[in-house]
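Line order of the protein sequences matches chains A and X.
For the first sequence, this note's numbering assigns the number 6 to the initial residue and increments by one for each residue that follows.
For the second sequence, this note's numbering assigns the number 28 to the initial residue and increments by one for each residue that follows.
Calculated directly from the structure, the hints in this document are not laboratory data.
There could be a bad hint or two in this list.
[As the list claims (entries may be wrong)] To give a feel for the contact side, a few chain X residues facing chain A, derived at Cβ under 10 Å: (1) Ala30; (2) Ala76; (3) Leu79; (4) Ser83; (5) Pro86; (6) Phe89; (7) Gly121; (8) Leu130; (9) Ala131; (10) Trp226; (11) Gln228; (12) Val241.
From the three backbone atoms N, C-alpha and C, an ideal C-beta is built for every residue, glycine too.
One-letter residues, chain by chain:
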Amino acid sequence: MAGSATSAIEVIGRGHPWLSLAPALCVIAVLFGGGLVLGLAGSLGMGRGGVSLDAWIAVLSEGRVWRSLGLSLWIAFASTALACLIGLGAALLLRRRFPGQGLARLLFQINLTIPHAVGALGILWLLSQSGFVSRLSAGAGLIDGPAGFPALTQDRFAIGIIAHYVWKEVPFIGLILLANMQSLGDDPESAARSLGASPFAAMRLVLLPLLMPALIRAGAIVFAFSFGAWEVPVLLGQSAPVALPVLAWQRFTDPDLATRPEAMAIAMLIALVAALLIRVAMVRR
Amino acid sequence: MSARWRLVLGLMLVVASMAPLLPLGLWSVARGWYFPQILPATWTLEPWARALSPRSDIPEAFVTTTAIALAAAALSLVLGIPAGRALGLYRFRGKALVELALLAPVIVPGIAVGLGIHGVFLRLGLTNSALGVVLVHLVPTLPYVVFVMSGVFANYDAAAEAQARSLGARPLQVLWHVMLPAIAPGVAVAGLFAFLVSWSQYILTLTIGGGRVVTLPLLLYAQAGAGRNDQAGVLAVLSLAPGLVILALVARRITGRGVMIGGAG
Numbered sequence: 006m007a008g009s010a011t012s013a014i015e016v017i018g019r020g021h022p023w024l025s026l027a028p029a030l031c032v033i034a035v036l037f038g039g040g041l042v043l044g045l046a047g048s049l050g051m052g053r054g055g056v057s058l059d060a061w062i063a064v065l066s067e068g069r070v071w072r073s074l075g076l077s078l079w080i081a082f083a084s085t086a087l088a089c090l091i092g093l094g095a096a097l098l099l100r101r102r103f104p105g106q107g108l109a110r111l112l113f114q115i116n117l118t119i120p121h122a123v124g125a126l127g128i129l130w131l132l133s134q135s136g137f138v139s140r141l142s143a144g145a146g147l148i149d150g151p152a153g154f155p156a157l158t159q160d161r162f163a164i165g166i167i168a169h170y171v172w173k174e175v176p177f178i179g180l181i182l183l184a185n186m187q188s189l190g191d192d193p194e195s196a197a198r199s200l201g202a203s204p205f206a207a208m209r210l211v212l213l214p215l216l217m218p219a220l221i222r223a224g225a226i227v228f229a230f231s232f233g234a235w236e237v238p239v240l241l242g243q244s245a246p247v248a249l250p251v252l253a254w255q256r257f258t259d260p261d262l263a264t265r266p267e268a269m270a271i272a273m274l275i276a277l278v279a280a281l282l283i284r285v286a287m288v289r290r
Numbered sequence: 028m029s030a031r032w033r034l035v036l037g038l039m040l041v042v043a044s045m046a047p048l049l050p051l052g053l054w055s056v057a058r059g060w061y062f063p064q065i066l067p068a069t070w071t072l073e074p075w076a077r078a079l080s081p082r083s084d085i086p087e088a089f090v091t092t093t094a095i096a097l098a099a100a101a102l103s104l105v106l107g108i109p110a111g112r113a114l115g116l117y118r119f120r121g122k123a124l125v126e127l128a129l130l131a132p133v134i135v136p137g138i139a140v141g142l143g144i145h146g147v148f149l150r151l152g153l154t155n156s157a158l159g160v161v162l163v164h165l166v167p168t169l170p171y172v173v174f175v176m177s178g179v180f181a182n183y184d185a186a187a188e189a190q191a192r193s194l195g196a197r198p199l200q201v202l203w204h205v206m207l208p209a210i211a212p213g214v215a216v217a218g219l220f221a222f223l224v225s226w227s228q229y230i231l232t233l234t235i236g237g238g239r240v241v242t243l244p245l246l247l248y249a250q251a252g253a254g255r256n257d258q259a260g261v262l263a264v265l266s267l268a269p270g271l272v273i274l275a276l277v278a279r280r281i282t283g284r285g286v287m288i289g290g291a292g
């Protein structure tokens, strides 16, 4: 907005934006950049005399690591797909007026502020075999005891973990899409409708493509988070295979310090997946 | 779709959103809530009394969490407002690269960098300290503040600064009397949500704090893991509180852009 009417001298900071950026960039470079560099160095066994690929070879040739990677990818894909789908539905629902819409929108935002650790515990107490839904089922006479209720937490398919991420990220996706719908306005769809498109066709062929860039970026953030978060799978996941971040933490805290380079190598694997996501979804082409 | 269907679906959405919070709240006022009781047989404030008693470590963790989050939010604002101004107001070479460098910490999971940062902080003597935890929380909070402030400055009219200058105001006067009032609402939103992002951290706190810096999320898992569900329920409700207060304060101001950066974590 520093328009042509304002001269270079009069607007403070103009001409040397790097000076204003330097403190923040230095902090990020030292913490984030330093963390990545030392993580990589640690995975190569540096600081223990010499460089070796032992940790990488050990990690990449271990079936348990690949099973954990597969589990984390499954969690991330399923969570992202469901969160995007339901988030889109929620945004389409909440954009039109209906009684109680304001309240629904406000309540819809609450999840955004809830710490993941709190939400994960809530999901555990809601969906576990002795949890709230199980008790409701017993009350309704559907099951006889906790064992009669399906294992939805600490289960093979990571249903509890995925349920948590969907629960937490649907409002995230929904609010981003709502904000985008508001800035697009009704015009694109109205134009399609006046040319004879059905409401569904106008949504699918006009609105959806316009929302796609925002949806992809938001989806990438959800994917990265559900792939790499620790506190959710550690509470809601089964004991083997564990999600990749949980495996990294197990190796990091192992009393045998020799496993530390392996922990760093797994951490770098997680960073690599995140980097690929940034490349695919975030960099403007 | 008819208004009635929207109401029904909206209701389902709200119920699903609130459902996991119900058992958390119930446990904080329950005694011996066993299967298959749907609601606690005995309602009591005893868990709260115990949680707030001098022997409990919850009050101290509450103070620690609050102090760390306040410090992380304040530091993020001090570093992030100038950076946001540069990104929001000016076009310059390498801007896209800067934005990418600030986006990366938002995307890359905490554990991927946390283990390496532990190595950095070990050399600097910052592990197992609250200061180290504050600094490591900057990794998620600072980019968030920069992006929110960059959005604020993109809608800011810098011509007013030039006018104030031409009327004889000194640069600091301009910043204080012209810029600050204009960006104050954005600063408030950025600061409050930076507070929340820090307040919610788990793995970065555990990695750098080494279990010595005990925040509410850490205590929550410790109590739940030990089977003290009533204390975990109290901790969960306490952990929710600031988010609800902040949401009530800024509900109207939440924009897609702000959500975009801070929401997933």
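Evaluation of the provided hints:
For X/Ala30, the interface hint holds, since its Cβ comes within 10 Å of a Cβ in chain A; the closest pair sits about 5 Å apart. Taking 10 Å as the C-beta contact cut-off toward chain A, the hint placing X/Ala76 at the interface is violated, the least distance being around 21 Å. About 19 Å separates the beta-carbon of X/Leu79 from the nearest beta-carbon of chain A, more than 10 Å, and the hint is not met. The beta carbon of X/Ser83 comes no nearer than 18 Å to any beta carbon in chain A, farther than 10 Å, and the hint placing it at the interface is violated.
The interface hint given for X/Pro86 is broken, as the beta carbon of that residue sits about 18 Å from the closest beta carbon of chain A, more than 10 Å. The beta carbon of X/Phe89 is not positioned within 10 Å of any beta carbon in chain A (closest approach about 14 Å), and the interface hint is therefore violated. Evaluation of the X/Gly121 hint against chain A yields a held restraint, the C-beta minimum of about 8 Å falling below 10 Å. With a cut of 10 Å, the hint placing X/Leu130 at the interface with chain A holds, because the nearest CB-to-CB distance is about 6 Å.
Evaluation of the X/Ala131 hint against chain A yields a held restraint, the C-beta minimum of about 6 Å falling below 10 Å. At about 7 Å, the closest approach between the beta carbon of X/Trp226 and any beta carbon in chain A falls short of 10 Å, and the interface hint on this residue holds. With a least beta-carbon distance of about 8 Å to chain A, the hint placing X/Gln228 at the interface is held under the 10 Å criterion. About 13 Å separates the beta-carbon of X/Val241 from the nearest beta-carbon of chain A, more than 10 Å, and the hint is not met.
Hints 2, 3, 4, 5, 6 and 12, counting from the list given before, are not met by this structure.
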